[in-house]
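We have chain A already, so just place chains B and C with the ligands on it with the hints.
Chains as they are written, first to last, in numbering that gives the first Met the number 0: chain A, 0 to 240; chain B, 0 to 334; chain C, 0 to 294.
Quick caveat, the hints were computed from the structure, so don't treat them as lab data. Worth double-checking, as some hints may not be accurate.
Once the Cα atoms are required to be at most 25 Å apart in a straight line, the calculated SDA-like pairs of lysine to any residue come out as [said to hold, decoys possible]:
no. : chain 1 : residue 1 : chain 2 : residue 2
1   : B       : LYS106    : A       : SER42
2   : A       : LYS129    : B       : LYS186
3   : A       : LYS129    : B       : GLY285
4   : A       : LYS16     : C       : ALA182
5   : B       : LYS161    : B       : THR234
6   : A       : LYS129    : A       : SER184
7   : B       : LYS7      : A       : ARG92
8   : A       : LYS70     : C       : PHE281
9   : C       : LYS283    : C       : SER177
10  : B       : LYS7      : A       : SER93
11  : C       : LYS133    : C       : VAL58
12  : C       : LYS88     : A       : ARG132
13  : C       : LYS32     : C       : PHE163
14  : C       : LYS32     : C       : ARG168
15  : B       : LYS240    : B       : GLY285
16  : A       : LYS127    : A       : PRO168
17  : B       : LYS186    : A       : ASP73
18  : A       : LYS129    : B       : LYS240
19  : A       : LYS179    : A       : GLU27
20  : A       : LYS70     : B       : PRO103
21  : B       : LYS186    : A       : ARG132
22  : B       : LYS106    : C       : ALA274
23  : B       : LYS186    : A       : VAL126
24  : A       : LYS1      : A       : ARG132
25  : A       : LYS70     : A       : GLY57
Cβ-to-Cβ under 8 Å is the rule here; a few derived chain B residues that face chain C [to be verified]:
no. : residue
26  : ALA27
27  : LEU56
28  : ALA118
29  : PHE119
30  : GLY122
31  : ASP160
32  : ALA181
33  : ILE294
34  : GLY297
35  : VAL298
36  : MET304
Residues of chain A placed beyond 12 Å of chain B at every Cβ, according to the derived structure [unchecked claim]:
no. : residue
37  : ILE15
38  : ASN20
39  : ALA29
40  : GLU58
Ideal Cβ placement from N, Cα and C applies to all residues, glycine included.
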Amino acid sequence: MKVLEIKKVRRYFGGIKAVENFSLDVEEGAIVGLIGPNGAGKSTLFNCVAGVFPPTAGEIVFLGERTAGLKPWDLCRRGLARTFQIVKPFASRSVLYNVMVGAFAGTARRSEAERRALEVLERLRMVKIKDARAGNLTIADRKRLEIARALATRPRLLLLDEVMAGLRPTEVDEMVAIIKGLRDSGMTIFVIEHIMRAIMALSDRIAVLHFGSKIAEGTPQEIARDERVIKAYLGEDYGAA
Amino acid sequence: MLPSRARKLPLVLVALAAFGLPLVVTSATYLHILILLFLYAYLTTSWNLVGGFAGVLPLGHAAFVGIGAYTSTILSLQYGVSPWIGMFAGALIAAVVGVIIGLPTFKMRGAYFALATIAFAEGIRVMFENIDHLGPFQINGPRGLQIPPLKTGLVHFMFADKEPYYYIILVMLAAVLALTWAISRSKLGFYLVAGGEEPEAAQALGVNVARAKLAAMAMSSFLTALAGTFWAQFTLYIHPKSVMSLDISFEIAFIALIGGRGSIAGPVLGALLLRPVSDFSRIYFGDTLPGLHLIIFGVVLVLVMLFQPRGLQEPLTRFYQQAMRRLSGGREAAP
Amino acid sequence: MLFIIEDTLNGILMGAIYGLAALGLTVIFGVLKVINFAHGSLLMVGMYVAYWAVLLTGVHPYLSLIVVVPVMFVFGYLLQDILIKPIFKSEKEVREPITVIIVTTGVWYILDNLALLIFGPQYRNIQDNPLRGKMLEIGEMMVSVPKLWGFFTALATALLIYLFLQKTRMGRAVRATSLDRDAASLQGINQYRIYNIAFGLGTAVAGVAGVTLVPFYNIFPTVGVLFDIKCFIIVVLGGLGSIGGALLGGMIIGVIESVGPQFMTATWTEAIVYALFLAFLFLKPSGLFGVKYDW
Ligand SMILES: Nc1ncnc2c1ncn2[C@@H]1O[C@H](COP(=O)(O)OP(=O)(O)OP(=O)(O)O)[C@@H](O)[C@H]1O
Ligand SMILES: [Mg+2]
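Isolated chain A (complex conformation):
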């Protein structure tokens, strides 16, 4: 079953063509990667999918329903969660509080929200810092908090926007394991990432954006061999390796 269908989506900002004629299907239970140089339009595509702004043209279908007119909170309640590339914690509040905000998407009861939040924190090994002020966290913990909040909404589809940028290698490995674990529990994941090692290890399929257009799509092996991708993004070194 297709969880997400992106059909010929464009998004322009004035004269800037941030996304141009992009199509992609995301199958249930898959991890799909999205890569491309800085400014390629990856985050813009995520914002269209998550309902932050509508596409200039094209159509997005989530779980069989067209998303035109749906706001971010509507989509969230239908099972779509996302993280922000520039993390946005509720800085003055505790980690647990942050995650409970997400958990309230599925319940109105405080005790249940707290239970769900703690469950997520357990899974991401963050229970120790549950009472820390979110504004005081390290960058790695902030990124994990972004994921934790999104998970607490119990999504069917999770959009991750560069959650590994700025992490140390061991932390990256840990994050890869966590994301794989999420998929194994049945979640579908659409992930933007610059760290090649991670995206190659994670993804079932990868799409490559370049100046807003999709220049390639395929398995990690196919992408690593693709001439155009190597030229546009990976660089000669990566292709040779």
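Coordinates of chains B and C with the ligands only, in the frame set by chain A:
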């Protein structure tokens, strides 16, 4: 964490003291000051629902005070409706007005909302100053409405002494504090804080930020209007300048900001600290140094914003918790 | 019919002075992205400075500009440097710190009531000045001379600010900061110094507005409040941050205020002004010339 009984004990003590206070304070002047103190604590706590938790800056709450005061007074003077009923009629009207202000402005940020609320409140005041009759209702323009003290007693919300007023406002304050506490722990409370701090992140987590703020605004204006009726019944004379002036709106906001907006204790603390300043400087320096208390307000406000932007509530809470911990820790150490 | 033209004309002149007052507010907003609630109080301070300068020296009211402009500039510069800058620094990540609005509100209360303490509540005016009560006869119409002076001062000030922003190095730095403060600081522009300068400039403009009022207006401690709310209304009408919008918005208010009383009581015209303001706020919050801000 503190043992919960140790935390509740001081609350119980404070409540008992508040209820017993009129036994000790018999001077009408002091009782009057205390009543105003609680009234402002009540108003500020109501303001805090939207100004504190929802992270916007409403500067026109006097309009709701005025709507409450005028509605119940007109209903009781012209139609003989008990002010207790008029109180809730006024509150409903205020809630509707609050939502009308909020609808277009909550989508914008800070400054516009503050400006819109000021303009709305001033607009309503100017209107009331200009009209003698609003349809069948007598408003009397700038002369306002006098409530003749004919029938006293609880049903008429009118008393010869100050004690009953004291107890009424005390109960109202306790109720609004309990309500705030409940909201701050509820889904709505979480959504307000989230939407106030990071609206985009909140929306991505399923929060309809504008709707949460509207709910808060409706409640806040409803509760504020209730106090308007109290004000009318307490002073027995209302006119646009007395119940709708910009000064009231600003004083409410100042008290909340200095005490610590977004916290439950903040507004009460702010009122405790600032109301006496304004009352006593008016009593003792009113003639020689007019406006002294407003200078003090201004200076305290600026200093608090510079050095303690989350209000005086924060250091005091920390101090209090440390003291409690030491106390309870001491008890545990000595079995 | 003639009296309507006469009222309109006088309304435009007075409105230009309102616009001049609002101009300072819009300059500050354009750069700092915060509404300075103390703006009316700064105008009041400017009026007192001008008043004393004229009273003590007996010069033409407009000569007091020599004193008022630098004094007010320094005053505003220091105000921003001492009270507002620390907040911007501590709330870097906040897009539009509400705390700044609050501090300026505190400053409003302090200034107004200090003036009350020092000068008392009485209304002051400069009885013998060459502009007071002067009327210009155009055919059968009477036009107020001091307001005419104010009108031209407003135009000249707006033009000077426009030229400053467009033609000078400093002005370009100010504009860069107002567009994107992070990008500007990356280019080596000291963001906080620009803020100081913008605040000083806005305050100096409030002072100029004060000078134009002194020949014909009463001076009292809360005179600023009258202008405060008018300025808010004007900048929303004209579009926050727009120089031309401030002048035009001011003139609209001025005309309503002077023509309105022909048809209704003066206080009702006040209500109409509020209604207009709210209509704009709800229907076209970016105002006549405003940029649509992302907030
Ligand atoms: N809200 C916006 N308004 C105007 N232009 C925008 C907006 N958001 C993005 N852009 C532009 O769209 C283009 C694509 O940006 P986007 O953030 O989607 O890139 P990205 O692939 O996520 O890059 P990065 O790897 O740096 O995160 C850029 O040129 C950017 O400047
Ligand atoms: Mg991006």
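Here's how the hints hold up against the structure:
1. A C-alpha spacing of about 23 Å is found between LYS106 (chain B) and SER42 (chain A), which places the hinted pair at or below 25 Å, so the restraint holds.
2. Simply put, LYS129 (chain A) and LYS186 (chain B) have alpha-carbon atoms about 19 Å apart, close enough for the 25 Å limit, and the pair holds.
3. Taking the CA atoms of LYS129 (chain A) and GLY285 (chain B), the gap is near 52 Å; set against the 25 Å cutoff, the hint is violated.
4. Simply put, LYS16 (chain A) and ALA182 (chain C) have alpha-carbon atoms about 22 Å apart, close enough for the 25 Å limit, and the pair holds.
5. Among the hinted pairs, LYS161 (chain B) with THR234 (chain B) is consistent with the structure: their alpha-carbon atoms are about 11 Å apart, no more than 25 Å.
6. Straight-line distance between C-alpha atoms of LYS129 (chain A) and SER184 (chain A) comes to about 23 Å, which keeps the hinted pair within the 25 Å bound.
7. Annotation: proposed proximity of LYS7 (chain B) to ARG92 (chain A) holds, straight-line Cα distance about 23 Å (limit 25 Å).
8. For the suggested pair LYS70 (chain A) and PHE281 (chain C), the alpha carbons sit about 22 Å apart, so the restraint of at most 25 Å is met.
9. As the CA atoms of LYS283 (chain C) and SER177 (chain C) are separated by approximately 22 Å, the hinted pair is consistent with the 25 Å bound.
10. A threshold of 25 Å between alpha carbons decides the hint, and for LYS7 (chain B) with SER93 (chain A) the separation of about 23 Å falls inside it, so the pair holds.
11. At roughly 17 Å between alpha-carbon atoms, LYS133 (chain C) and VAL58 (chain C) fall within 25 Å of each other, so this suggested pair holds.
12. With a C-alpha separation of about 20 Å, the suggested pairing of LYS88 (chain C) with ARG132 (chain A) holds against the 25 Å cut-off.
13. Between the alpha carbons of LYS32 (chain C) and PHE163 (chain C) the distance comes to roughly 19 Å, so the proposed pair stays at or under 25 Å and holds.
14. Proximity of LYS32 (chain C) to ARG168 (chain C) is assessed by CA-CA distance (about 21 Å); at most 25 Å being required, the pair is judged to hold.
15. Note on LYS240 (chain B) and GLY285 (chain B): the hinted pairing holds, with a Cα-Cα distance of about 19 Å set against a maximum of 25 Å.
16. About 22 Å separates the Cα atoms of LYS127 (chain A) and PRO168 (chain A), which keeps this hinted pair within 25 Å; it holds.
17. Our distance criterion of 25 Å between C-alpha atoms is met by LYS186 (chain B) and ASP73 (chain A), whose separation comes to about 17 Å.
18. Restraint check for LYS129 (chain A) and LYS240 (chain B): not satisfied, since their Cα atoms lie roughly 50 Å apart, outside the 25 Å limit.
19. Taking the CA atoms of LYS179 (chain A) and GLU27 (chain A), the gap is about 14 Å. The hint holds against a cut of 25 Å.
20. The straight-line distance between the Cα atoms of LYS70 (chain A) and PRO103 (chain B) is roughly 17 Å, inside the 25 Å bound, and the hint therefore holds.
21. Taking the CA atoms of LYS186 (chain B) and ARG132 (chain A), the gap is about 20 Å. The hint holds against a cut of 25 Å.
22. With a C-alpha separation of about 20 Å, the suggested pair LYS106 (chain B) and ALA274 (chain C) falls inside the 25 Å cut-off, and the hint holds.
23. Distance restraint check for LYS186 (chain B) and VAL126 (chain A): the Cα-Cα separation of roughly 22 Å lies within the 25 Å cut-off, and the hinted pair is therefore satisfied.
24. With a C-alpha separation of about 39 Å, the suggested pairing of LYS1 (chain A) with ARG132 (chain A) is violated against the 25 Å cut-off.
25. Taken as a hint, the LYS70 (chain A) and GLY57 (chain A) pair is honoured in the structure, with Cα atoms around 17 Å apart against an allowance of 25 Å.
26. Among the interface hints, the one on ALA27 (chain B) is violated; its C-beta lies about 29 Å from the nearest C-beta in chain C, farther than the 8 Å criterion.
27. With 8 Å as the threshold, the beta carbon of LEU56 (chain B) comes within range of chain C, its nearest partner Cβ sitting at about 5 Å, so the hint holds.
28. With 8 Å as the threshold, the beta carbon of ALA118 (chain B) comes within range of chain C, its nearest partner Cβ sitting at about 5 Å, so the hint holds.
29. Contact between PHE119 (chain B) and chain C, as hinted, is supported at the beta carbon level, the nearest pair being about 6 Å apart and thus within 8 Å.
30. Restraint check, GLY122 (chain B) versus chain C: the minimum CB separation of about 3 Å is within 8 Å; hint holds.
31. Interface restraint check for ASP160 (chain B): the shortest CB-CB distance to chain C comes to about 35 Å, outside 8 Å, so the restraint is violated.
32. At about 26 Å, the closest approach between the beta carbon of ALA181 (chain B) and any beta carbon in chain C exceeds 8 Å, and the interface hint on this residue is violated.
33. With its C-beta approaching chain C no nearer than about 5 Å, ILE294 (chain B) sits inside the 8 Å limit, and its interface hint holds.
34. Evaluation of the GLY297 (chain B) hint against chain C yields a held restraint, the C-beta minimum of about 4 Å falling below 8 Å.
35. The interface hint given for VAL298 (chain B) holds, since its Cβ lies 6 Å from the closest Cβ of chain C, which is under the 8 Å cut-off.
36. The beta carbon of MET304 (chain B) comes within 5 Å of a beta carbon in chain C, closer than 8 Å, and the hint placing it at the interface holds.
37. Here ILE15 (chain A) stays apart from chain B, with its beta-carbon at least about 21 Å from theirs, past the 12 Å limit.
38. At roughly 26 Å from the closest C-beta of chain B, the C-beta of ASN20 (chain A) stays outside 12 Å, upholding its exclusion from the interface.
39. Look at ALA29 (chain A): its CB is around 22 Å from the nearest CB on chain B, clear of 12 Å, so calling it non-interface holds up.
40. Non-interface status of GLU58 (chain A) relative to chain B is upheld: no Cβ of that chain comes within 12 Å, the nearest being about 21 Å off.
The structure shown violates the earlier hints numbered 3, 18, 24, 26, 31 and 32.
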